[in-house]
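What the sequence shown shows, in the numbering used here, is residues 3 to 55, in sequence order.
If you are wondering where the hints come from, they were derived from the structure by calculation, not from laboratory data. Cβ coordinates follow ideal geometry from the N, Cα and C atoms, glycine included. One should not assume that every hint holds.
[Stated by the list, open to error] Here are the simulated distance ranges between beta carbons: (1) E47 x T14: 26 to 32 Å; (2) R44 x T14: 25 to 31 Å; (3) D15 x R44: 27 to 33 Å; (4) V26 x M3: 18 to 24 Å.
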Amino acid sequence: MQTCDFCGRQETDEAKTLTWTTAVERGRQRLYCDECSRTHLRAMEGKLDSEWW
3 MQTCDFCGRQ ETDEAKTLTW TTAVERGRQR LYCDECSRTH LRAMEGKLDS
53 EWW
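Use the sequences and the hints to build the structure in full.
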């Protein structure tokens with residue numbers, strides 16, 4: 003099971019998590035669901051930590 007580090011959404015089907023985004027913040031790998039990824043795309047591209055979103 004995968005959990006979105008931003009909204010807490012959980013997904014048990016690994017095929018559905020292929021559209022999720024991964025990022026490394028302060029040396030820790032973070033995982034974001036497709037909805038959070040779309041909503042915060044510009045902040046991700048700007049390399050802002052999720053605490054600034």
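Cross-check of the supplied hints:
| no. | hint | in the structure |
| --- | --- | --- |
| 1 | E47 x T14: 26 to 32 Å | holds (29 Å) |
| 2 | R44 x T14: 25 to 31 Å | holds (30 Å) |
| 3 | D15 x R44: 27 to 33 Å | holds (28 Å) |
| 4 | V26 x M3: 18 to 24 Å | holds (21 Å) |
No hint from the list above goes unmet by this structure.
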